[in-house]
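> Let's have the full structure, built from the sequences with the hints guiding it.
Order-wise, the sequence lines are chains A and B.
Residue numbering for the first sequence is 18 to 509, as defined by my numbering.
Residue numbering for the second sequence is 18 to 509, as defined by my numbering.
Source of the hints: derived by calculation from the structure; they are not laboratory data.
Incorrect hints may have been included.
What the hints assert, rightly or not - Listed next, with one range per pair, are the computed distances between beta-carbon atoms:
(1) B:S419 with A:E351: 53 to 59 Å
(2) B:E236 with A:K82: 27 to 33 Å
(3) A:P224 with B:E236: 33 to 39 Å
(4) A:K485 with B:D452: 53 to 59 Å
(5) B:L323 with A:E23: 48 to 54 Å
(6) B:E183 with A:K305: 56 to 62 Å
(7) A:Y57 with B:T41: 26 to 32 Å
(8) B:R229 with A:E33: 37 to 43 Å
Claimed, not checked - Simulated crosslink set (BS3-like; lysine-lysine; CA at most 25 Å straight-line):
(9) B:K267 with A:K221
(10) B:K485 with A:K496
(11) B:K496 with A:K496
(12) A:K267 with A:K285
(13) B:K123 with A:K123
(14) B:K427 with B:K362
(15) A:K485 with B:K496
(16) A:K361 with A:K400
(17) B:K251 with B:K267
(18) A:K179 with A:K210
(19) B:K123 with A:K251
(20) B:K221 with A:K251
(21) A:K44 with B:K123
Even for Gly, the Cβ is constructed at its ideal location relative to N, Cα and C.
Number of protein chains: 2
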Amino acid sequence: MTITRELKIKNTLSGEKEIFKPITEGKIGMYVCGPTVYSYVHMGNVRTFTSFDVIYRYLCYLGYKVRYVRNITDVGHLVGDVDEGEDKIAQKARLEQLEPMEVVQKYTNDFHDVMLTMNNIPPSIEPTATGHILEQIEWVQQIIKEGLAYEVNGSVYFDVLKYNSEHPYGELSGRKIEDLLSNTRELDGQSDKRNPLDFAIWKKAEPQHIMRWNSPWGEGFPGWHLECSVMSTKYLGETFDIHGGGMDLKFPHHECEIAQAVACCGTKPVNYWMHTNMLTMNGVKMSKSAGNSFLPNELFAGDHELLEQPYSPMTVRFFFLMSHYSSQVDFSNEALQAAEKGLKKMTTAYELLQNMNAESFTGSGDSETAKRIQNSCEMCHVKMCDDFNTPEMVAAMFDLCSVINSIENKQIKITDLDAGTFELLNNTFSGFLLDVMGIKIESDANDEGNEEAVNILMEVRGLLRAEKNYALSDLIRDKMAEAGIEVKDGKG
Amino acid sequence: MTITRELKIKNTLSGEKEIFKPITEGKIGMYVCGPTVYSYVHMGNVRTFTSFDVIYRYLCYLGYKVRYVRNITDVGHLVGDVDEGEDKIAQKARLEQLEPMEVVQKYTNDFHDVMLTMNNIPPSIEPTATGHILEQIEWVQQIIKEGLAYEVNGSVYFDVLKYNSEHPYGELSGRKIEDLLSNTRELDGQSDKRNPLDFAIWKKAEPQHIMRWNSPWGEGFPGWHLECSVMSTKYLGETFDIHGGGMDLKFPHHECEIAQAVACCGTKPVNYWMHTNMLTMNGVKMSKSAGNSFLPNELFAGDHELLEQPYSPMTVRFFFLMSHYSSQVDFSNEALQAAEKGLKKMTTAYELLQNMNAESFTGSGDSETAKRIQNSCEMCHVKMCDDFNTPEMVAAMFDLCSVINSIENKQIKITDLDAGTFELLNNTFSGFLLDVMGIKIESDANDEGNEEAVNILMEVRGLLRAEKNYALSDLIRDKMAEAGIEVKDGKG
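Quick look at the structure:
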């Protein structure tokens, strides 16, 4: 399959919008840093994963075969009851001990539930850090062999200064090693590190540390930065196309990933780095400590003092799409309610579209209306190809909504456009709404069935009143009230 | 929490029903062999996992704190394109190669979907074989050190004859080593094994084998039997309470698990072994090759030539419960339809129960009716405590259904029992139906709303016909037909 559209991606590494060229024609390898599963997934993560879901969806829509890898960070830092001492912990029956993987399972399940609710497509591969301990140990061995890491007291540190003498450290985040050094406090002699900028790629497990594996340096666990290097390389190759994550991961996490990959494999790991931006609530950075953050399920249920009402998962999804992935998203009840209205406009237009028929259009493909439609459809693509500009794509989609409404209320006549242009409208609008934006139409079939039965009842009741058959019309009203079905009386 | 009821479990190891005694008071460690995720989960697996879900649910209902581990077997045997030769495979870009973990992800997602649909509770921990390669290598090393395994050409084999000279091999499946040996063909010199009964605990990866890890014996992958020993021990301890699986796993898989654990840890790994039985279709063993098997989703959709209609996930669940876990289950349309009716009886009784009020009962707790209820409630527990006898528990539940129906139609009067006995009925029936049997009540609120509106329409239509207002009654019929609502005309 040949991809005909030119896609531009703003590459954090260069700071420029670059024309995207995949390493292997027609295929894309994409890695996104996933959640740490030691607590409920927070809204910032949900926004990041939803952004990359839309990016993934659009890449597939363009015709690319995408291998999308999003990891689960499950190496935790849970410790046992220190008071009991090492021996007592060892003597405890296994079932009496806290098992980190039980915690991991609980929050992984929650994370998957939220992703499903948000209609995010599962990644092609969802590898876990604990599932790649052997590979991580091999990387540590190789980096030591390359002379860019050293072992002290059972831990292994990456030698940032030595690395920097050969390769620039700080390229991605635009930091200079001198500035970093001058902003770092002197080591107080308590640390095993040669230099405060060095970071652990393998850590010795203290006695109370529960998660531990044997290694050439004794029992320990891998440093956090290492897992993403190891898993992305394993499943996507030493250099792959796109690496994404929240902007808070740019430094040091992604900077360390680059250093590790260059040290171990001798190549830069990623061609295009992409970062999503932060969330604010009423203009203030959202955080647990500021008390202005809520969990996804609190948002969906409207169960938080900052929220005036529940907001459905699709409303939240649409709300995210109304900002560019690299912009801050400011939560507020006003903005969420606006998204709710916008989404309703989209889904209503979609439903109207289902009852229209291409063959009924008998006009010309050169008409003003036809050209307007062709232009807005093209804009959907143009905006997405411009670094996935979802808010401007949504604007083009709103124009298509207006067109659909105008067809419905006959302001646009069937002689105003041709069948081909209508087909284009239908395919583009449905494709972008469902496949690219990933909106799940939540019109409930039963609800509709019910609505129809109620509509018939209302109509019959009107006719009965017209016939002055009040006995029966009142009976209908009473029965409906009894069944809890709302009756809205017209005037008269 | 003290568990007051005595539970008996038929232990495959002894062939006897034994009184269950947990290793740690109030806690249970349970391991069940999970699916291999290289194809869609088959009905036999669904039956096994649903059986153990009910067992898990009842253990929790009794008050035990259960750590339930069910693994995912994701070490597959996918090979690359052999024609291309080792070098060409190595040269291929990573993204051009088949990636086993992509296959694994697809079928793991499918498996989780089916488990959710069947209302099976996710296990406490769901470890993967690929996630425990390091631990498996350590077991192989230890077994070699104990002198019970040997390396040949990069593979490591468990020495069954030597093991058998110290410990009985075949205990679980009741096989004798002499019989096993006489039923085995002589090795033809092509094999690295010393004896045909020996089994691989580590296998050398041939060039075309895609999944491979470094080990002290070169690149390879763990033998299948090893993963369950390693993961159950890691999360439940060297000896744990319950190990379950399908009866086809008894030999050699579980037999090998015992041998590995005894060889590596010096202890028998499991106190109670439990095995589920096979599925048949119209009396014939269900299998892909016999052409008489269907996938879960085919069963739910009625999409198979052997199926007369769709059967809902809860119907299938109830159908499984109507057999003991250790009995064969014979699928047939008759049996599934009987289960559908039985389930309907249960859920209808449950809904009736919701509208009854304990305080309205003014009789005595010594009445015949009260005693009947007390007895049937007790029977629910007695039967489940007798090796999880679900069909007899269901029989007691059907008696409670009859009681509820009799209360509803006033055959049992409010003076026939006391509030306390009604509470017992309510708690037991609801608890067993929802929490132990795991039935999800699928009464759709919208459906009910619709039904009511339709009922009112039908009533009004009858009245209109009585008034000889055929114009309006026919209009209702036509409108309903138009809306796709079924109209059933009475006589006349």
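> Quick check: does the Cβ-Cβ distance between L323 of chain B and E23 of chain A fall within 48 to 54 Å?
At 53 Å between Cβs, range holds.
> Hint says 33 to 39 Å; check whether the CB-CB distance for P224 of chain A and E236 of chain B agrees.
35 Å, holds
> Regarding the pair K496 of chain B and K496 of chain A, is the alpha-carbon distance no greater than 25 Å?
At roughly 20 Å apart (the allowed maximum being 25 Å), K496 of chain A and K496 of chain B satisfy the hint.
> So does S419 of chain B sit 53 to 59 Å from E351 of chain A, Cβ to Cβ?
57 Å, holds
> Under the criterion that the straight-line Cα-Cα distance not exceed 25 Å, is the pair K267 of chain A, K285 of chain A satisfied?
15 Å, holds
> Quickly compare the C-alpha distance for K485 of chain B and K496 of chain A to 25 Å and report which way the hint goes.
22 Å, holds
> Hinted pair, alpha-carbon criterion (25 Å max): K267 of chain B, K221 of chain A. Please report holds or violated.
40 Å, violated
> Starting from K221 of chain B, check that the Cα of K251 of chain A is at most 25 Å away, please.
Between K221 of chain B and K251 of chain A the Cα gap is close to 20 Å, so the pair holds against 25 Å.
> Going straight from one Cα to the other, do K179 of chain A and K210 of chain A come out at no more than 25 Å?
13 Å, holds
> Compare the distance between the alpha carbons of K361 of chain A and K400 of chain A with 25 Å, and conclude whether the hinted pair is satisfied.
With a Cα-Cα distance of about 22 Å, the restraint between K361 of chain A and K400 of chain A holds, given a limit of 25 Å.
> Looking only at beta-carbon atoms, does the pair Y57 of chain A, T41 of chain B fall within the given range of 26 to 32 Å?
29 Å, holds
> Are the Cα positions of K123 of chain B and K251 of chain A separated by 25 Å at most?
Holds. K123 of chain B to K251 of chain A sits at ~18 Å (cutoff 25 Å).
Taken one by one, the earlier hints fail for this structure only at number 9.
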